[in-house]
Every structure is written in structure tokens, then in C-alpha cells.
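So the chains spell out like this:
Number of protein chains: 2
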Amino acid sequence: MAHQISSAQNPLIKTLKSLHLKKGRAETGLFLAEGARLALEAAELDAWPEMLLFSPAALERPRVRDLIKEADARRVRTIETTQTVLGQIAKRDNPQTVIGAYRQRLAPLEALDGALLVALDGIRDPGNLGTIIRTADSVGAGGVILVGETCDPFSVEAVRATMGSLFAVKLARASFEDLVRFKQARGASLVGASLKGERLAQETPLPERVIVFMGNEQSGLNEDMEAACDRLVKLPMRGRADSLNLAVATAVMLYDIWRRRDYDGARA
Amino acid sequence: MAHQISSAQNPLIKTLKSLHLKKGRAETGLFLAEGARLALEAAELDAWPEMLLFSPAALERPRVRDLIKEADARRVRTIETTQTVLGQIAKRDNPQTVIGAYRQRLAPLEALDGALLVALDGIRDPGNLGTIIRTADSVGAGGVILVGETCDPFSVEAVRATMGSLFAVKLARASFEDLVRFKQARGASLVGASLKGERLAQETPLPERVIVFMGNEQSGLNEDMEAACDRLVKLPMRGRADSLNLAVATAVMLYDIWRRRDYDGARA
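Quick note, the sequences are listed as chains C and E, same order.
By this note's numbering, the letter at position 171 of the first sequence is numbered 171, and the numbering carries on one by one without gaps.
By this note's numbering, the letter at position 4 of the second sequence is numbered 4, and the numbering carries on one by one without gaps.
If you are wondering where the hints come from, they were derived from the structure by calculation, not from laboratory data.
Because the structure is a prediction, the values reported are computed rather than measured.
Some clues are possibly wrong.
Just so you know, same-sequence chains aren't split out, so a pair can sit in one copy or run between any two.
Computed cross-link-like contacts, BS3-like style, restricted to lysine-lysine with a CA-CA straight-line distance of at most 25 angstroms [as the list claims (entries may be wrong)]: (1) Lys14 to Lys234; (2) Lys234 to Lys196; (3) Lys170 to Lys22.
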């Protein structure tokens with residue numbers, strides 16, 4: 001049975017509000033995911049929250065009622081509260097009717113597998129990171145490797161941008177040295193985006209396993225990283241523009257590689 | 001000679017702060033562009049602001065000093081102020097040292113030309129819109145057509161996301177009916193993104209002039225719009241994901257079309 005909480009002063013609500021801050025996420029190991037759709041999709045992937053909050057409005061949808069019932073049965077802490085409290089947790093005027101607090105999960109680097117992986121160094125914008133995770137999911141990448149000081153994939157902004165793909169894509173953190181050892185052990189080809197590279201879609205054959213490596217928004221990959229790449233690729237540019245948004249550049253790289261594989265595995 | 005203003009209560013500063021709101025932008029016809037780099041790039045494209053604000057720190061860079069001098073000569077209202085005031089105008093803790101207030105310029109639809117154009121219906125997220133304008137610039141598109149209730153390209157968030165491409169890309173507003181008349185008059189092919197489409201990169205030949213047509217973030221193109229397209233294209237998807245971020249999807253479409261044209265006009 002769901003507990004009822006209507007006071008924003010409740011310690012549990014305070015904890016949930018703290019998940020907007022890195023400190024709160026570090027202390028609890030939790031993150032916020034907003035919306036019934038996300039909670040339903042997560043459940044399909046067998047990802048259950050530690051806490052599931054909802055307003056009475058959420059109970060009008062049979063699928064959400066069933067979800068809450070199943071969450072109860074799985075000993076998830078289910079909490080009925082008000083839209084006002086949900087708004088305070090989400091820091092939004094029009095919050096979703098369901099918010100889950102999930103345990104942060106990173107995979108060990110060795111658990112990542114597949115013909116296509118993404119590695120990101122020093123990404124600063126959580127919206128970019130979340131969008132890249134969403135794109136990685138769309139092309140069926142085997143995971144996303146966060147190198148160096150890449151921002152937190154569990155921040156509210158990053159989670160929002162993933163649109164649920166956070167639950168479907170394996171994430172690992174690794175040092176640059178770990179990444180190089182990993183790609184060597186796997187026999188994977190590290191393909192970096194760089195202005196020094198050959199032009200995208202030079203139709204030279206691609207190896208079986210590729211790790212697309214993207215650098216920081218401002219400065220791209222550093223020299224050591226470029227030197228460690230098996231191949232550098234440059235995105236064609238025209239006119240005045242001198243760079244693309246990072247999430248856009250990553251997507252163009254990933255879709256170009258997937259195209260050369262005839263969109264292997266794409267849904268009909 | 002630059003005027004000096006240090007009070008946030010100054011009416012002119014209040015006007016500039018109002019440019020964060022649609023009302024303020026509508027009343028003045030102005031928009032804010034932040035950063036010396038943007039102002040320099042705009043000047044290269046012969047776009048000069050109505051007002052150019054800067055803090056003393058900006059004067060340490062010779063190129064910025066020259067810019068301000070030239071702006072003065074062109075009767076731009078140049079204003080020296082404090083970082084605090086700039087922060088209040090930008091609504092940022094660490095504002096740039098230069099902020100320009102530029103006149104909003106839309107082109108008439110008929111002024112848009114070229115082998116590749118982008119049309120957007122009902123886009124809601126200014127970050128997406130700005131990112132699409134940036135990508136359109138990168139692929140040398142002849143302009144971006146804003147159909148229906150597409151959000152304001154002159155909002156601070158959209159301008160930030162364009163990274164200066166707002167000054168380089170022609171923008172026009174048009175009704176859906178205008179868009180259809182325009183594409184017929186030009187003999188252009190309207191290529192819409194749709195789940196009902198053929199898969200991207202079916203290598204059927206592309207017509208000489210293409211307008212890529214993208215719908216709203218939630219619902220895509222409506223049925224009338226799909227019916228008006230000469231061709232519908234679906235982006236391949238794998239796994240759990242059921243859609244891409246709109247700016248990402250637009251970029252994948254644009255780069256695929258440009259690839260089939262051998263990246264014609266790309267910089268070396």
C-alpha cells in the first residue's frame with residue numbers, strides 16, 4: 001500500500017529534492033526520472049525505482065495503476081502525494097504525475113560489448129550527454145563510455161534528455177588509459193572526431209568493432225587522444241560554421257557508420 | 001565614444017533585460033547576442049548591433065577594442081558597463097564581456113534559395129531550433145523556414161544554441177500553404193521525416209532542389225503535411241528507442257542528403 005505524504009517538509013521529500021544536486025545524488029546513490037512513460041519503460045527493462053511517487057491524477061490511467069500495484073508487490077516504496085509536492089521535487093511548474101527515484105547504475109567497462117560503442121571525453125553539457133545516450137540507444141550501440149571529467153549522466157537535465165534511454169544503454173566510466181587498454185583487448189578500432197581527420201564517408205572499409213570517440217564541446221579531443229585513435233574523421237562543413245553541436249556531430253558519425261553496415265538490426 | 005552606465009536601474013538596461021521575454025522582443029524588435037566572438041563574426045557578415053555593451057575586461061583584447069571603435073564609427077550605441085550589469089542582462093552568473101542587441105531580421109520566403117532548405121513545423125524547444133539553424137549553416141543550406149507556431153528564433157536560448165549561425169542563415173516565417181506554393185513554384189521536392197516513410201539512404205536519386213521538412217517534437221508532421229510531401233523518409237531505429245531528438249534527426253537527414261551530393265562545397 002502506498003504511503004501518503006503531503007508536506008514538502010517531510011524528510012523523504014527533502015531527500016528527493018536534493019537529487020537535483022550532485023551532492024544529493026552522491027550521498028544517496030539515487031537519481032530522479034520523471035513521468036509515467038519513463039517508469040513504464042523502465043519496468044519493461046526490469047528497472048524498478050527505490051521510491052515511486054505519484055499524484056491521485058496518475059491513478060486515472062489503468063496502466064499506471066497496475067505499475068504502482070506491481071511496484072508495491074516488489075517492495076518499492078510507493079508514495080501518494082500532491083502535484084504541488086511533485087512540482088517541488090521536479091522544480092517545474094507543470095510536473096509529471098509520476099516521479100521515480102532510481103538507483104544509479106554504472107557497468108564495469110568490461111561489460112560493454114558490441115560492434116559499436118561511444119566514448120566521450122570531458123563532456124560538459126548534460127543535455128548533450130543525455131541526447132547522445134538517446135542516439136546511442138537508437139543505433140543499437142553497446143554502451144557509452146564516459147572518459148575523464150564528463151558530466152553526470154544522472155543529473156535531472158541529462159536524464160530528461162535521454163528520454164528513457166538511460167535505462168536501456170549501458171554506461172561505464174573509464175580513464176583514458178583504461179579506454180586504450182579496453183579497445184586493444186577487444187581489437188576494436190578507435191575512431192575519433194577531429195578537424196585533422198579524413199573526411200567522413202570516405203568509403204574505406206570499417207573494422208568489425210568500432211568505438212566512436214568524441215571530445216569536449218569547446219576543445220575536442222586532445223593530442224594524446226588523437227594519437228591513440230586508429231582513425232580520425234572530420235565532419236564536412238560549409239560556409240561560415242566551424243563546428244556542430246556535439247550531440248549532432250556524434251549522431252552524424254554514428255548514423256554514417258551504421259549506414260555502412262546497411263542499418264543492420266534496424267526495426268522494419 | 002562609449003557611454004558609461006553602471007546602474008541596473010537605467011531604462012536602457014531595463015529594456016535589454018526585457019529581451020528575455022517575447023513581449024520585450026516584440027516591442028523593441030531587438031534580440032540579445034552574447035559574447036565577443038559572436039559580435040566579431042556578426043561584424044564579418046556586416047551585421048551590426050543597435051547597442052553594444054561591454055565591460056572594461058573586454059577592452060584588453062585588441063580585436064574587441066577595434067570592433068568597438070568601428071561600431072562607434074558606424075553609430076552603434078556603444079556602452080561601457082560592469083560585469084554585474086552584464087550578468088543581469090544575460091541572467092547568468094558568469095556573463096560574457098560583450099553583449100550586443102541586434103535587430104531581428106526575417107527574410108521574405110521568396111528570398112530563400114539554394115539546393116537545400118529546411119522547413120520546421122511547430123518546433124517547441126528553442127535549443128532544438130537554434131541547434132538546427134547551426135546545422136543548416138554547417139551544411140550550407142539556403143535558409144530555414146519556420147512554419148506555423150514554431151518557437152522564437154530570437155529568444156536568448158535559441159540564439160545561444162545557434163552559436164552565431166543566426167547571422168549567417170536566412171530565416172523566413174511561412175504558413176503551411178505558403179510553403180506548398182513556394183516549393184511548387186521552385187520545383188523543389190519536399191522531403192518529410194515520418195515513421196511512414198521509406199528508410200533513409202535508399203539510394204533513389206535526389207532531385208536538384210530539396211526542402212527537408214521536420215515536424216513538432218512530440219507529434220511530427222500532421223497528415224496534411226505528410227500528404228503534401230513528395231517523399232517521406234524514416235530514420236532507422238534499433239532497440240528500445242522510438243525517436244531521436246529533433247535536432248539530431250534533422251542533422252542526420254541533412255548530412256545524408258549532402259553526402260549524396262558528395263559534400264559539394266565543403267571546406268577542405
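Checked hints:
| no. | hint | in the structure |
| --- | --- | --- |
| 1 | Lys14 to Lys234 | neither (47 angstroms within a copy, 44 angstroms between copies) |
| 2 | Lys234 to Lys196 | within (7 angstroms within a copy, 32 angstroms between copies) |
| 3 | Lys170 to Lys22 | within (21 angstroms within a copy, 41 angstroms between copies) |
In this structure, the one hint that does not hold is number 1.
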